[in-house]
Structures are given as structure tokens and as C-alpha cells.
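Since the structure of chain F is provided, determine the placement of chain H on it from the hints.
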Amino acid sequence: MTVDNALISKLEKLARLQLPPEQRQQLLGDLNAILEMVAKLNELDTEGVAPLTYISDAVFLGREDVVAKQVDREAALRNAPDQDGQYFKVPKVIDL
Amino acid sequence: MSVYDQYETVIGLEIHVQLATQSKAFCGDDARFGAAPNTHVSAISLGHPGTLPRLNKRQVEYAVQLGLALGCEIQRHNTFDRKNYFYADLPKGYQITQDRRPICVGGALQIPSAEGEKSIRIHHIHMEEDAGKSIHDQDPQHSLVDLNRAGVPLLEIVTEPDLRSPEEVDALMTAMRQLVRYLEISDGNMEEGSLRCDCNVSVRLRGSDQLGERCEVKNLNSMRFARRAIAYERRRQIDLIEAGCKAEQQTLNFDPVSGMTSPLRDKEDAHDYRYFPEPDLPPVQLDEAYVDQLRATLPPLPWALRTELATDYQLSPYNAELLTQEKATALYFKRLAAETPHFKAAANLLINKLLPWVQERKTPLADFPLTTDQLAELIQLIADDRVSNAVAYQRLFPALLDRPEARPLALAEALDLIQSQDDDFMATLVREVIEQHPDKVAAYRQGKKNLLGFFMGQVMRQSKGRANPKTAEALLQRTLAAD
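So the sequence lines, in the order shown, correspond to chains F and H.
Going by my numbering, 52 is the number at position 52 of the first sequence; the sequence numbering is gapless.
Going by my numbering, 74 is the number at position 74 of the second sequence; the sequence numbering is gapless.
Same shape as in the complex, but just chain F (with noise of 0.2 Å):
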């Protein structure tokens, strides 16, 4: 598989994000290099192998229901680019 500008346009608007042309070359070449080195695993034979898809035996042990271990309004959105105290500000998704 290949990086080409098709796909790093639809990564674009999965992401939300619009890149700068300079970066745009840039993680051309970063995702392909990631890619190939990642491809380095298709010379292994796999045959009858497994998919392993958990790394390790855990199985769910699950938590109690009980309420425990929030954060106060303040300290949630200290963080946030924008805020009015009680909500967190983000550029108006839907027209109305």
C-alpha cells in the first residue's frame, strides 16, 4: 500500500484537519516510510497462525457500579482553547 495525495486528502477530512502544503509532502513521505517498514512483516509466514489480537491473557474483571473519582467543572475545562464557565466553546458545528 501506498500513501498517495488522494488518500492524504481523505485522511484530511476524517481528521478535520487541513495541512499546509509543505507538511502535506512531508507526511507523504513520513506514512509511506512508516508504511514500508510496518510491510517489512509480510515476508513472515503466517499460515495457520492466529490473528493475535490482545497482547496479553487479561479477560474483563469489570469495575463496581459505584460513583467515584470525578473532577470539578473548574478543573474539567481549564484545559479547553475556549470556555464560558460552564460549557465548552467550539466553533458552531450545524447552521440552524
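No lab work stands behind these hints: they were computed from the structure.
These numbers were taken from a predicted model, which means no experiment stands behind them.
This list has only true hints and no planted wrong ones.
Anything over 10 Å on all C-beta distances counts as not near chain F; from chain H, calculated:
hint: 1; residue: Gly116
hint: 2; residue: Leu294
hint: 3; residue: Glu326
hint: 4; residue: Lys448
Now the stretches of chain F that chain H is said to cover, found in silico as 3 or more residues with beta-carbon under 8 Å:
hint: 5; segment: 10-17
hint: 6; segment: 51-59
Capping the alpha-carbon separation at 16 Å, the derived lysine to aspartate or glutamate pairs in EDC-like fashion look like this:
hint: 7; chain 1: F; residue 1: Lys89; chain 2: H; residue 2: Asp89
hint: 8; chain 1: H; residue 1: Lys327; chain 2: H; residue 2: Asp187
hint: 9; chain 1: H; residue 1: Lys57; chain 2: F; residue 2: Glu64
hint: 10; chain 1: H; residue 1: Lys57; chain 2: F; residue 2: Asp65
hint: 11; chain 1: H; residue 1: Lys133; chain 2: H; residue 2: Glu191
Even for Gly, the Cβ is constructed at its ideal location relative to N, Cα and C.
Leaving out everything else, chain H in the frame of chain F:
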């Protein structure tokens, strides 16, 4: 026959049930509805880096209970996936859901329909988390985001396309609401969004077994909207087909103001969710003992109680239906029926007196001030003809509510409501009424037999309810015929 009649509507639902847990699906935030914005949040629900989700045991329990009630196969091994998309009310950039191996598969729910009882098949049920809430109409330049709901546990029930009309959709949602309330896994409140559905709607010529291209209508938070949206969508799709075009697969938004649907996104920028296994949550493994224990502790289900009331207690299907709408009502009836042999009278009292009391006060039946023992005594007074039905309902019952410590018989005696069994008392009453209305008596004797109702009313009124209606009627008829 109109062209519209040649088509049938095919509908499948995606029903979201918000679970009544204390905490969220993957962290300990309070999961309750209605708090001040952004107060039920934590590093996990805010999507901060380096945090890890931990699954709420109760969400699994509730999913299995619903699956067992619907006759689903419980997948002993099920897993979580990430559904990736960017939206301001989804801080992590993905929703944790179950795409490849959902917890429940198959099953069905019966609904009443125009053609009798109908089985709606369930495709699967999966566990997932809710997103936060975006508010678009309070600030001209911004959308406001409240993350209290982010991470609240949901079950999504996906049905097969077995529904054919808005009425059937309504019936299914009603049955589902009843079921989740019986199981006590959700409050099923549609106004607050605890129960909502997306409708997949398509049309096809009657008799065809091919499915048409479907459109998914979102934003349906009431049954009224769902009905209107489906009716609109049906017409729109038929018009398209009749004009030689094709309905295209789309996600649509329903606007309750205009009553129309409009594309939310079309195929071209259709979501590419890039599902992949959620590496932060290990697979859920359920053993037989766990499932058996949940099966053993399932509460009675609506359809079982409905059958029980209709057969074991000989109630009409209509009354059995009314009394099983809520589990609390059905169980109350059974407690009351354990204290009186008069099941039908018990059902009538519950339906005509107790349920209105519950509705007016918005108070649970458990808080009703009279005991089933008192109600049984009241029912017995009617059965023994000691208090007439009308007096029992209109006078003795309200008097008991005012004095909930009183015994029905003692109170009826104190209020002089006991029907007279005394023949002289009755004969005097009847004679007086007849003497007071000579013109009516003459008319009756000339054939206006429906005046009997008038005489009955007079006798009952003058007796202040103490006359036994059956005795009074017989005596009146005899006396009026005699002279």
C-alpha cells in the same frame, strides 16, 4: 387504488437504551441525567491522554438480562471495538462499541399488530457508550458542549427489517419501554432521551421480496416524530421511484418543525468509521454459572404476567393488558387477589380507582395509603350487597382515603352507607316516589317503560344510596304494574 397503496414500507430500528446505572460505562462518573453542565466528568470521560477505561460490571449484567428476556443467544466471548469519528461532543475521537462480537445475537419481541400478534426479530444487541450533548442554539458563534452524558452506558438493539408501519414501530417501542422498565435496567423515558431510536426506512412494491435502498432517519426522540418522519419518508421515496429515480442510501435528519427529512450526510462523505479492536479493554468472557444466575433472577416478564392474569385470574384480555403495563401494578393486583376471591372486582377497583390516583399524584402505587386488606374488605362489602357499587366507589372509597386508618365496614356504618335489607324501608321509599310523580306514573303505565330509570334514580337518591338497586328495581316494577 392510489399509487401509494402499491408500495409497502419496510422499517428496521436501532433502539438506544440508556442504562440506569449509578456510574458511567468505563469510569466512575455519575451517570444520572439532569446535573449542571460538565459536573459529571473525569479525566477518562474528558478523553485526556494516558487514561484507561474500566468496564462497569452492571452494564454487562443489564445487557445479559435484556438478552435473556428477548431470547437472544448470549455470546460467552464478546469484545469491544473503536468507532472512529471526530465530533466536538466525543472527546476521545472514538466511541467504544461492539462491532465484531456483540454480547447478544438473535432473539425476538412480540408486538400487537393489525394482523394479530407479530414477532419482530432482533439482529443483535451491543454495549456502547453515549456521546456528550451539543447545544447549537444558545450562542451565535459557537456550539456549546456538555460532557455529562459522555460515557453513559447504552445498549443498542438492532432489529431486522420486520416492521411495516409507523403503528408497528410505535408498538415495538412501547413493548421495549415496558420490558426495560420490568427489568429495571432503564427508566425508558423518551423525553429525557433514555430511550430513542433511529429508523431505517425503505419502500418496495407489495409482493416483492427485495429490499429497497434504505435511508436512516435520526433525531427521533418521540413516537410522534417517528410516526411523522416515517410517513414523510415513505411518500418521498415512492415519489422518487415513481418519477423514475431511485432513493439513495442516506442518513437523514428529521425536522419536527417542517415535518420533513433532509440529508445529514450522503454517500459521498459517508462516515468511514475505521472500526478496530479496542486494545484498552480485554475481551468479556462469561461463564455458564454467571448466565444461569442472571436467568434465575429474571423478574416476571410482561407477557408472562399478562397470560397469568388472563388465565389464572380469569380477567378479560383488555384488563390483563391494562394491569400489566407496569410491573408494580401487576404485582399489586396479585397481592390484592391473594386476599379476595373476587378477582374481577379487584381488577375494576385497581383500574378505576387506584391507577387514576397514581396518575393524578404522580406517586408510585407503593405509596397508596390503604392496605390490600382494607381493599379486600371493601370489595367484600360490594360482593355481599351491603354497599352498592356506586356508593362504594363514590363515597366510601374517598372517605377511606381521608381516614386511611379506618376499617371499611365500620366506616360505612358510621356514614350510614350500608344498604338497607329492610323490606318496609324499601316499600315506603317506593310508595313515596310513586306518589310524588303521578304524571310520570301515568306515562309509564301508558307504555313509556324507559321511565323506570327515572324512578330508580329518585329511589336511590332519596335512600341516600342505601337502597339495594336490584331490590329497588324489582319492587318498583311490581308496584308500578300493580295499580
